[in-house]
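Peer 1: With the sequences and hints as input, model every part of the structure.
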Amino acid sequence: MAGTAIAELNADGLRRDARIERLKLFGLSSPALLLVLVILVLPVGWLFYLSFVGADGGFSLENYARMIEQKSYERIFTTTFEVSLLTTGLAILIGYPFAYFLSQLPGRLANLFMIAVLLPFWTSLLVRTYAWLVLLQREGLINKSAMAFGLWDEPVRMVHDMTGTLVGMVHIMLPFLILPVYGAMKSIDVDLVKAAANLGASPTRAFWTVFCPLTLPGLFAGALMVFILCLGFFVTPAVLGGGKVIMVSMKIVSNIQLFVNWGAASALGVVLLALTVAILWIASRFLNLTQIAGSGH
Amino acid sequence: MLNWFQSPATETQVTHGGRLWLYALAALVILFLVIPTFIVIPMSFSDSQYLEFPPTRWSLRWYEHYVDSPDWMLATRTSLKVAVLTMVVATPLGVLAAYALHTAKVAFVRLAFVLLITPMMVPLVLVAIGAFYVYVKLDLLYTVTGLVFAHTVLALPLVVIVVGSAFKSFDMAQEDAARSLGAPRWKAFLTVTLPQVRFAVVTAALLSFLTSFDEVVVAMFVSGGDNPTLTRNMFNALRDQIDPTIAAISTIMIVITVVVMTLAQIFGARSK
Numbered sequence: 001m002a003g004t005a006i007a008e009l010n011a012d013g014l015r016r017d018a019r020i021e022r023l024k025l026f027g028l029s030s031p032a033l034l035l036v037l038v039i040l041v042l043p044v045g046w047l048f049y050l051s052f053v054g055a056d057g058g059f060s061l062e063n064y065a066r067m068i069e070q071k072s073y074e075r076i077f078t079t080t081f082e083v084s085l086l087t088t089g090l091a092i093l094i095g096y097p098f099a100y101f102l103s104q105l106p107g108r109l110a111n112l113f114m115i116a117v118l119l120p121f122w123t124s125l126l127v128r129t130y131a132w133l134v135l136l137q138r139e140g141l142i143n144k145s146a147m148a149f150g151l152w153d154e155p156v157r158m159v160h161d162m163t164g165t166l167v168g169m170v171h172i173m174l175p176f177l178i179l180p181v182y183g184a185m186k187s188i189d190v191d192l193v194k195a196a197a198n199l200g201a202s203p204t205r206a207f208w209t210v211f212c213p214l215t216l217p218g219l220f221a222g223a224l225m226v227f228i229l230c231l232g233f234f235v236t237p238a239v240l241g242g243g244k245v246i247m248v249s250m251k252i253v254s255n256i257q258l259f260v261n262w263g264a265a266s267a268l269g270v271v272l273l274a275l276t277v278a279i280l281w282i283a284s285r286f287l288n289l290t291q292i293a294g295s296g297h
Numbered sequence: 001m002l003n004w005f006q007s008p009a010t011e012t013q014v015t016h017g018g019r020l021w022l023y024a025l026a027a028l029v030i031l032f033l034v035i036p037t038f039i040v041i042p043m044s045f046s047d048s049q050y051l052e053f054p055p056t057r058w059s060l061r062w063y064e065h066y067v068d069s070p071d072w073m074l075a076t077r078t079s080l081k082v083a084v085l086t087m088v089v090a091t092p093l094g095v096l097a098a099y100a101l102h103t104a105k106v107a108f109v110r111l112a113f114v115l116l117i118t119p120m121m122v123p124l125v126l127v128a129i130g131a132f133y134v135y136v137k138l139d140l141l142y143t144v145t146g147l148v149f150a151h152t153v154l155a156l157p158l159v160v161i162v163v164g165s166a167f168k169s170f171d172m173a174q175e176d177a178a179r180s181l182g183a184p185r186w187k188a189f190l191t192v193t194l195p196q197v198r199f200a201v202v203t204a205a206l207l208s209f210l211t212s213f214d215e216v217v218v219a220m221f222v223s224g225g226d227n228p229t230l231t232r233n234m235f236n237a238l239r240d241q242i243d244p245t246i247a248a249i250s251t252i253m254i255v256i257t258v259v260v261m262t263l264a265q266i267f268g269a270r271s272k
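Quick note, the sequences are listed as chains R and S, same order. Read in order, the letters of the first sequence correspond to residues 1 to 297 in this note's numbering. Read in order, the letters of the second sequence correspond to residues 1 to 272 in this note's numbering.
Any given hint could turn out to be false.
Cross-link-like lysine-lysine pairs, in silico, BS3-like; alpha carbons within 30 Å at most [to be verified]:
#1 R/Lys71 / R/Lys244
#2 R/Lys186 / S/Lys168
#3 S/Lys168 / S/Lys187
#4 S/Lys105 / S/Lys187
#5 R/Lys144 / R/Lys244
#6 S/Lys168 / S/Lys105
#7 S/Lys105 / R/Lys24
#8 R/Lys186 / S/Lys81
#9 R/Lys24 / S/Lys81
#10 S/Lys81 / S/Lys137
The set of hints was computed from the structure by calculation and includes no laboratory data.
Peer 2: In structure tokens form, the structure reads like this:
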């Protein structure tokens, strides 16, 4: 009898030791967690608080009311969604067939062409935005070549407006779409398509009824990533939009740099974050989110 | 050649000829992706005041202009310093965190992971103004320390994901074996586990370097004064004029990126 009691005491002790050990191990993550808390979570929490402080210093909803009342804010939100949706749509239209092209190549060729996706992906987005500014300007390469080939006679305005913004954004977002879609396509068992063909499906039919549905999770993950990145994008629209394309992030920046209005900037930031979180939350019901986070790099 | 057009490209007997549209489209996409990435390189060697392609006369004047400018040199030094320090801080912190999340079987591991990858999900502008607000209070504005902290937060998700996935494919029984033979946990980690995930750690370090070196939005707010970053100065210069000096700096940035990422690819491939 005494033996079991001691054994139980021992077991209790071991369990406690194991728990302490687990907590100690977990403690190794504390420096990283602390940094994220101090540099990111607390400041964002503070901004959340500021968004409810009015001009008189008391609690107020005026920063949110302004967004509903003022026409300019309505335009900013419309523009943000328009740019994000168009960019995502164009990225799918261009990126999906390209990923398909890559997935059909033999391994070594695919790796070679993959460089065309990875090089821009790695290159600083500021450098690429600058390149588009150079290419799209009145005297730029595109206008000059088009006129030399007789495509148009006068230089066409392509930068400092919506066109330039979209071209630059699609260029920057394409790899985020192509990589997960390519991953999904590569993991499809080729035998499934062969089986469809064997059962009498035409190549087109086999593609649409067998291959394409299997790529949808990858496509969805990529499109989601692109859309979310677009919602909060700043650099490219700020440089290529020339002040005509004003997105939420740009309004946040000008609220602080020009008007030093922390309440207004914070409220916009809170709305932007809430939109992002809501979209991620809805998506997380269908997808494994760590997979999306991992697809970025 | 004609044979190639009629030869099957797929298992379902679609010929290469029938696939021409796809090949043409792919060629266009490749041009679209690659040209804007590299066009600034030849342009940076032009002698002209205006950016032209192809350059009519070649020269290094824009590189000289860059090297002779104290402002650009200061910014370059800041960017390199901050990127190296970010790498030095983010890598060990991230490795420790990834190890903790992998081994500690406690309830809030999942929450900690989500917290560590939030910097990837939160819009950068928000991170930037949040850091700006806090740095004004903490007297960290326009300091290297402040920049390194902010960039470390942005780099941590990458380190945690890259190193974490390496831990997943590592057999932890090896570490247990070392410990049962008397090695303390830290020693087992350093001599058994770490050497086997080293390629992932190097990849993560290189990615941290690049995350910091290329970062624009946060740097726009919290860098400046005595410590402006290259990207901050470039962004400001872009809005005013298209100075060919920026083409020269862009070329240097492309070279640094390609070197760092090629290394990362090599190490990344070996970690698999």
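Peer 1: Take the hints in turn and mark each one as holding or not.
Peer 2: Structure-based check of each hint:
no. : hint                : verdict
1   : R/Lys71 / R/Lys244  : holds (16 Å)
2   : R/Lys186 / S/Lys168 : holds (22 Å)
3   : S/Lys168 / S/Lys187 : holds (20 Å)
4   : S/Lys105 / S/Lys187 : holds (21 Å)
5   : R/Lys144 / R/Lys244 : holds (24 Å)
6   : S/Lys168 / S/Lys105 : holds (14 Å)
7   : S/Lys105 / R/Lys24  : holds (11 Å)
8   : R/Lys186 / S/Lys81  : violated (40 Å)
9   : R/Lys24 / S/Lys81   : violated (33 Å)
10  : S/Lys81 / S/Lys137  : holds (24 Å)
Violated hints, in rising order: 8 and 9; the structure is consistent with all others.
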